Amino acid sequence: MSIEIRNVNKYFGTYHALRDVNLEFASGELTALLGPSGCGKTSLLRIIAGLEQPDSGQVLLHGEDSTDRHVRERRVGFVFQHYALFRHMTVAENVAFGLTVKPRSQRPSKQAIRKKVMELLDLVQLGFVADRYPNQLSGGQRQRIALARALAVEPKVLLLDEPFGALDASVRKELRRWLRRLHDEIHVTSVFVTHDQEEAMEVADRVVVMNKGVVEQVGTPDEIYDNPATPFVSRFLGSVNLFHGRIHNGWAHIGDLRQEAPAHANGSSGPAVAFLRPHEIDLSDQPEGSIGAATITSIRIVGPLLRLELEREGGEGLVEVELPRERYDARTLPIGRKVYIRPRQMRVFVEKNAS
Amino acid sequence: MASASAFTFKRPSVIPGFGITLGFALFYLSLIVLIPLSSTFLKSTELGWDGFWQTVTHPRVVASYRVSFGASLAAAAVNLFAGLLVAWVLVRYRFPGKRLIDALVDLPFALPTAVAGISLTALYAGNGWIGQYLEPLGLKVAFTPVGITVALIFIGLPFVVRSVQPVLQELEPELEEAAASLGASRFTTFRRVILPSLMPALLTGFALAFARGLGEYGSVIFIAGNMPMISEITPLLIITKLEQYDYAGATAIAVAMLLISFVLLLLINLLQWWSRKRHTE
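One line per chain: the protein sequences are A and B, in this order. Going by the numbering used here, 26 is the number at position 24 of the first sequence; the sequence numbering is gapless. Going by the numbering used here, 595 is the number at position 136 of the second sequence; the sequence numbering is gapless.
Honestly, the hints are just simulated from the structure, not real lab data. Note that the structure is a prediction, hence the values are computed from the model and not measured. Where a beta carbon is used, it is the ideal one built from N, C-alpha and C, also for glycine. It cannot be assumed that every hint is accurate.
[Said to hold, decoys possible] Short derived list, chain B residues pointing at chain A, Cβ under 7 Å: (1) E633; (2) L634; (3) E636; (4) A637; (5) A639; (6) L641; (7) A643; (8) P655.
Next comes chain B alone, as it looks inside the complex (with noise of 0.2 Å):
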């Protein structure tokens, strides 16, 4: 009787409703995400297993993941840097024209995707302003797996830049003032004393440009010229199988690549609490 559970949920806090607040979350969890996941599940299992198994391991499906993998890694790896710089910039230097900078980062959010993949497949096909000086390098953007990653990295930069300029604007400068008076070059400081203070919120940045870059469509349809092996996307071949009714095998595609998005974006998680707790514990 006296034995109370030594290990509690719940701990007292100033504002109380524990219990309704974990309901209303998992409802609306439930409502908006785990329903319509857990329905396509159960669509794909239409085909029986090896039907499922055909569908996914297919060649041409095969090529797409690693075409939607390939890209959106390459894509948050480059806006990894590039992210970093520009968040850099807007927050430790003072120049005309910072605040319209900072909006403009969050142009690709709200730029509907198609705009951006025919903007971007105007630029870059072979007779485009930047194509043009390209292609006589040996160099093909458009219609080729480059210009999908270069679809995505506009996608995604907000992302990073967006998670890491919060981080960055609390980091003392002291830090770096206290690196220098102990003898650190700069590049010591930026390796030792400021990467690892950012990398929780790089990595949260890198996580979702991932995972939008994996959901992209409309901006890569455009630009990727979709031949198949080559450049087509994941996401295209199941709009494909809609198009031909083959709803069971659309949703098969699906569950594939949720599973290793899920996976991928898991991993990220665990570098990300591994790096945190590294910080705080």
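The shape of chain A in the complex, shown without the other chains (with noise of 0.2 Å):
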């Protein structure tokens, strides 16, 4: 294990920031901190670098108990949502700033420095503006020039906080993908904090979904998508929608359906929720193996998909269906038709949890 958290609580006043995470982090994976902004994930990144100390808990770095360790001695890179680049150093005095404080007797050379930079600067494909200065560059170019000072100082653990927050979409989705070739390449233990759940899957081996200072789940990112652990990774993971029933004798019954459900085999019983993605939906005309009959509210036509919204007959709320045009024909879709919910696949939870 390269990172080691165990049993870390963390406090801001009287709130709880981050209550008893344990969590492992293994050598040369990519894993991405997701959860919604105030959930602890920022909190939890610094604390692994050393910028913040946890009120009790023990953070390990390859086996070595740092939590006492100044962030100086620590050996993580760390790359900051807004890049803090050194303003008035161009972008090769910036990558070499933490190879020219080190100790007299540590320095490399002039000439090792210098060499050292540009294979950098060459590494995140940015040899032609090593004298220019940093405001002299876009945001994108910022943060691999960011990425580069990091990886100078050749650190154990590398450490990104919202790295592609302060960017554009087009700009964020291509450095996204940058960023995973460059991990394919360099093999550094990373850990990256992000609040876009697409951001997340796209680019990490592993997630780890936080919420109010609690791990909620971890897991490869399909892993987590196909089998949410808890409600709230099933929510926070796009759209979903909810149905209200209940669980009894280990059959779980949403609407007019009847489903085995063998996780609550235990005869644990009381009402339960399902969630269905909205492309977890088929529509029929008949009732069989449905959830209840509905009616189409609005309609449009997304690219590939056509999007629906429908009523739920009695009252019991709107339901949001995503279909793909190939198998369903718009015209066949009036606005005011009476259809059946037939979920294809569908997760329940105990109610008790579904907050």
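From these two lone chains plus the hints, build me the complex, please.
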């Protein structure tokens, strides 16, 4: 394990920002800390870096307890959302900074530093800006320079705090892919913080979903998407429809549908809630295998999809549905038509967790 | 015909009115600054070149330049450090009474300078609260150039604090965190990251404090003792000459002082321009 977090707690005043967090980050992996703002993900990252101290618990870097170590001695590379480049230095001086501040006995020669800087600038594909100043660069370029600067000291761990948060959408997308490729090249253990689930899914090997200071789920992107462990994860990873029902003797009763719920087979019964993503729903003319009937209230064509809103019968709320246009024809789904909601896949949670 | 001049003063902008604003600025500057100053120059020519030169190079006058410029530079230099420290404390830390201290900084601006002079003299005189402890140590403050410097430090402090404070406020703590994560010690971080960013503001504050020190009269004359050749400041000589109805002599010294100040301030400005250029270009 490259990074281990043990029972970390952090308070800001009376606010409990991190609650007993335990995590492990494997060597060479690229992990995303994902969650809404205020969930504690940035605090956790800063605690790993040593920019913040936990109130209790430990941080182990490569098996060594580093909780009381100063940032300076942890050998972590940190990349900030707003780049934090030194404005009065050229790009090359920025990248060289970590090398030039080493004690004289460990400091490489001028030529060695220059060579290393050029290598790093080539790695981030920005060799041609070496002699410019940071404010002559675009946001995306600045962030790549910040990354090169962090890598110059050969950190054991690379930490990125919302690295693409300040960039516009298209640059963000490009940099994501670029970061993924870069990581495949250099394989340094990396953790990045994001509130964008798409970003986490696309870039990371593993995703840690956090909410209100608690780790909700850890897994590969597809594990998390396909098998969300909690209602929060389910909701956070894209829009979902909620259907209320009951669990009884290992069976879930959601609307008119009765489905086996093996996870709740141990006799627990009570209110339950089912989560269905818009694209996990089929519409049918027949009531068999459906949750219930609904009326189409709106229909829009969005690229390859039909996006519908349905009003459930009995005033049980709205349902969002996305249907592929190859299989459904908008002309057969006029507004006001009655259809049956048939789930292709459904996750049921006992209601008390469904916060 | 087709070759429009490649160089234009005017650039298109959302707020028009280049002509009228420049016109007004020049008019105003002339009225308030240039015309009074040029009349000073004009008046001093009454002496003729030889008379002028003799007045401004008189040993007593030269000694006063030394006192004025020396004390102003020393005070500005002290304020450079003290002001940076005060600004740092006010920006970076939260503590009870912070607003009060923040307001206190401006006090030297508002206080009638004579009040400052009298209280400083009372404090630093041989029998004053502070003076009585310094005197046995062989440190005479009141009625020496050191006293002048103390008065000018008092007067000049707000200039450095108020020029550095807003810049420091905008300096993201992330820069320091970045430097620390790259292995820089606290001192290196300060020297290589924070100080260069504050340099233009520090120089501005230094220049303002220095200029204010040169022109300061009220607080200095009380504490200076005004001994010829030792603790006489140039503005005092000018006043003395005025009291003797030697207007031409007074303006001659004023002109000399103006020219030296102008050259020094220009140098500071150039330094500032150079350090700012390194920042942004």
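Right, here's what the structure says about each hint:
no.: 1; hint: E633; result: 4 Å, holds
no.: 2; hint: L634; result: 5 Å, holds
no.: 3; hint: E636; result: 5 Å, holds
no.: 4; hint: A637; result: 4 Å, holds
no.: 5; hint: A639; result: 5 Å, holds
no.: 6; hint: L641; result: 4 Å, holds
no.: 7; hint: A643; result: 4 Å, holds
no.: 8; hint: P655; result: 4 Å, holds
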